[in-house]
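Novice: Chains as they are written, first to last, in the numbering used here: chain U, 699 to 973; chain D, 22 to 369.
Source of the hints: derived by calculation from the structure; they are not laboratory data.
Be aware that one or more of the hints could be misleading.
Claimed, not checked - Computed list of lysine to aspartate or glutamate pairs in EDC-like fashion (alpha-carbon distance at most 20 Å, straight line):
no., chain 1, residue 1, chain 2, residue 2
1, U, K773, U, D736
2, U, K822, D, E88
3, U, K928, U, D959
4, U, K928, U, D730
5, U, K860, D, D64
Stated by the list, open to error - For each label pair, taking beta carbons as the anchor points, the in silico distance ranges come out as:
no., chain 1, residue 1, chain 2, residue 2, range
6, D, S241, U, K898, 39 to 49 Å
7, U, R826, D, L184, 30 to 40 Å
8, D, S81, U, D829, 32 to 42 Å
9, U, I728, D, A195, 32 to 42 Å
10, D, D56, U, F853, 21 to 31 Å
11, D, S147, U, S725, 55 to 65 Å
12, D, M32, U, S725, 46 to 56 Å
13, D, P354, U, R826, 45 to 55 Å
14, D, M32, U, F853, 49 to 59 Å
15, U, R826, D, M337, 41 to 51 Å
16, U, F853, D, V35, 35 to 45 Å
17, U, D829, D, S241, 20 to 30 Å
18, U, P771, D, S241, 48 to 58 Å
19, U, R826, D, V191, 42 to 52 Å
Where a beta carbon is used, it is the ideal one built from N, C-alpha and C, also for glycine.
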Amino acid sequence: MKNMQKLKQHSKPVNKMENSVEVHNLSYKIMDSTILEDVSIHIKKGAFVGVIGPNGSGKSTLLRHIYRAIMPPKKCVYINGREVETMSYRSVAQQVTVMRQENSTDFDFSVLDMVLMGRAPYRKLYERDTDEDKRIARNALAFMGMEDLAHRSFFTLSGGEKQRVLIARSLAQEADILILDEPTNHLDVHYQWLLMDIVKQLDKTIMAVFHDLNIACSYCDELYVLNHGKVVAQGKPCDVCTQRLLEEVFRVRTELFVLEDGKLHIVFKGSIQKD
Amino acid sequence: MKKLLAKRSFMFMVIVSVVILLFSMLAGIIFGAADLSVDKVFDVISLKLFGIEQETLKRSQISIIWELRLPRVLLAIAAGGSLAVAGAAMQAVTQNVLADPYILGASGGASSAVAFCYFLGSAFYSSSAVISAFAFTGATIALIIVYTIGRVGSPGSTSRLALSGIAVSVILNALTQFFVSMSRDASAVRSIIAWTMGSLAGARWNNIAFPFFGSILGSSFFMFTARAYNLMSQGDETAISLGINVPVIKRLTILVVAFITGVIVAAGGIIGFVGFVIPHIIRILAGADHRRLFPLSFLIGSVFLLWMDILARTLMAPREMSVGIFTAFFGGPFFVYLLYRQNKYGRI
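All chains, full assembly: derive it from the sequences and hints.
Specialist: Structure, rendered in structure tokens:
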């Protein structure tokens with residue numbers, strides 16, 4: 699696609715010092731199957747950037763490289779101008795926080811303890827939580843309207859409450875860069891949009907993976923479209939989401955509307971079945 | 022509404038556990054083939070520590086209390102406490118409450134390595150340091166194999182790790198049996214067999230220093246790094262995103278668990294299920310915070326093994342039974358129950 703050409707020229711190490719997150723020609727393979735191929739992404743400080751793509755397009759794998767759950771190859775991923783592989787786990791965690799779906803575990807903690815985990819990057823392993831940590835954690839809980847539940851067991855919360863606790867934990871982490879890996883999947887419509895409103899007003903650099911294209915279009919300044927591990931389009935939501943791209947990449951028939959505030963709204967009319 | 026334990030009640034639980042432990046130590050010294058009275062115990066201790074002599078004290082009482090029972094009690098404390106802590110650490114790292122040094126094959130690996138050591142001849146097995154080194158190596162290798170097999174495919178699978186541990190344990194037990202059958206030295210065979218069942222009867226002052234201080238050192242490592250285990254229990258990726266160097270912590274955990282298992286297995290044979298039952302009970306009572314879980318598991322694990330050992334030597338007195346029989350007797354059904362629940366509800 700035509701955006702591909704433009705991207706290739708961009709992927710020289712330009713202004714990597716100014717950008718919060720820089721990915722240069724990242725490729726990743728498991729055995730013989732290519733998960734990511736030559737992916738380059740530039741995220742300016744304070745930008746809200748979305749990554750969209752069908753299942754298996756490599757979105758989550760891309761995010762994992764940025765917060766180091768997968769160690770990227772040398773000189774591929776930069777956080778605030780530094781190669782991520784030269785940074786300690788702690789210092790990455792001080793600059794990048796990740797919001798994911800809650801994963802089920804057998805280990806039950808109190809809500810306050812869950813949020814206090816967000817302070818871990820600032821403490822040595824043997825150090826206790828300080829009063830400042832507790833103040834920050836309580837503030838984060840209060841911000842999410844959860845301070846009354848501080849001493850409840852995390853297991854007894856509803857799905858929406860759990861997700862809000864995890865958001866509070868991310869806030870307590872006080873990082874500038876926020877990575878969202880489909881954190882709204884389990885939430886009802888209200889919480890999906892509420893979460894995005896909250897995130898938007900935080901004034902942080904945000905890189906988010908979405909399945910809901912309408913949420914992506916209404917919140918993101920810029921979108922990257924991944925398909926089969928490659929960036930196939932990049933730009934403002936209304937430029938990127940064309941009927942043709944939605945047909946080719948997402949295999950859906952759509953009708954597009956531009957709302958009064960200039961945002962794109964996609965109405966889905968059916969799937970495209972290939973035989 | 023389920024409330025979790027506050028700090029104050031944690032200190033209270035520690036104090037109560039210490040009191041129970043002291044009481045259990047006294048019981049561990051008194052009960053046995055020859056029952057002794059409490060004042061005799063204090064007489065012997067004051068004689069040995071402060072040199073205060075009592076005329077009523079018999080020489081046999083002194084030797085039973087000081088030479089046999091006290092070292093045995095200390096070994097039970099070290100073994101029970103550190104196996105419980107090692108179990109809790111394995112559970113956090115594997116995000117699986119079914120994990121334990123016994124179930125994950127560490128004990129099996131240690132025991133087949135020790136059997137190999139006996140097979141090699143008395144030049145090897147006469148030194149307890151050499152046996153410990155063999156046990157440590159065996160435990161490390163077994164843990165790495167089990168962990169690697171258990172991680173293949175979906176990492177989130179709950180009972181997979183336990184299953185691979187059980188499978189590897191079967192092979193390791195066969196290996197142990199093989200070395201036992203190949204061994205020509207009859208006394209070596211007898212000691213291996215007694216020892217695969219687990220027994221603290223061999224504890225003496227001259228052989229408990231290494232297991233005692235080694236296992237306490239290993240447990241302290243976990244207590245100093247407890248914060249990391251809280252984060253690890255939430256999943257590898259969550260721990261990484263919160264700044265934990267997960268690969269390093271995992272490697273250290275495997276090494277320290279293997280070290281604890283190695284020194285304990287070398288001293289007392291295979292004592293199963295302590296590391297699995299105790300942390301589970303403590304989590305119910307005090308929550309999952311490892312900064313509380315590790316110390317309380319150590320205390321209650323010590324108490325548990327002390328009483329299992331008292332059972333082992335009083336139930337059929339004057340004959341001794343293996344303490345491993347009793348820990349398995351209590352732990353096995355508990356394991357089956359949790360496995361059942363985990364498969365049925367996906368959570369415990």
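Novice: Tell me if the straight-line CA distance from K860(U) to D64(D) falls inside 20 Å.
Specialist: 58 Å, violated
Novice: Could you tell me whether the CB distance from S241(D) to K898(U) stays inside 39 to 49 Å?
Specialist: For S241(D) and K898(U) the Cβ distance comes to about 47 Å; the hint holds.
Novice: Between R826(U) and V191(D), is the Cβ distance one that fits in 42 to 52 Å?
Specialist: 44 Å, holds
Novice: Mind checking the hinted window 35 to 45 Å against the Cβ distance between F853(U) and V35(D)?
Specialist: 25 Å, violated
Novice: Regarding the pair K822(U) and E88(D), is the alpha-carbon distance no greater than 20 Å?
Specialist: The hint is violated at about 43 Å.
Novice: Between K928(U) and D959(U), does the CA-CA distance stay at or below 20 Å?
Specialist: 31 Å, violated
Novice: Please work out if K773(U) and D736(U) have their alpha carbons no farther apart than 20 Å.
Specialist: 13 Å, holds
Novice: Given the hint of 20 to 30 Å, is the C-beta distance from D829(U) to S241(D) inside that range or not?
Specialist: Since D829(U) and S241(D) have Cβ atoms about 26 Å apart, the given range 20 to 30 Å holds.
Novice: Quick check: does the Cβ-Cβ distance between S147(D) and S725(U) fall within 55 to 65 Å?
Specialist: Holds - the Cβ-Cβ distance for S147(D) and S725(U), about 57 Å, lies within 55 to 65 Å.
Novice: Can the suggested window of 21 to 31 Å be confirmed for the beta-carbon pair D56(D) and F853(U)?
Specialist: 47 Å, violated
Novice: Is the distance from the Cβ of S81(D) to the Cβ of D829(U) consistent with 32 to 42 Å?
Specialist: 59 Å, violated
Novice: Is it true that the C-beta distance of I728(U) to A195(D) lies inside 32 to 42 Å, as the hint says?
Specialist: Roughly 35 Å apart at Cβ, these two residues keep to the hinted range, so it holds.
Going through the hint list in order, the structure does not satisfy hints 2, 3, 5, 8, 10, 13, 14, 16 and 18.
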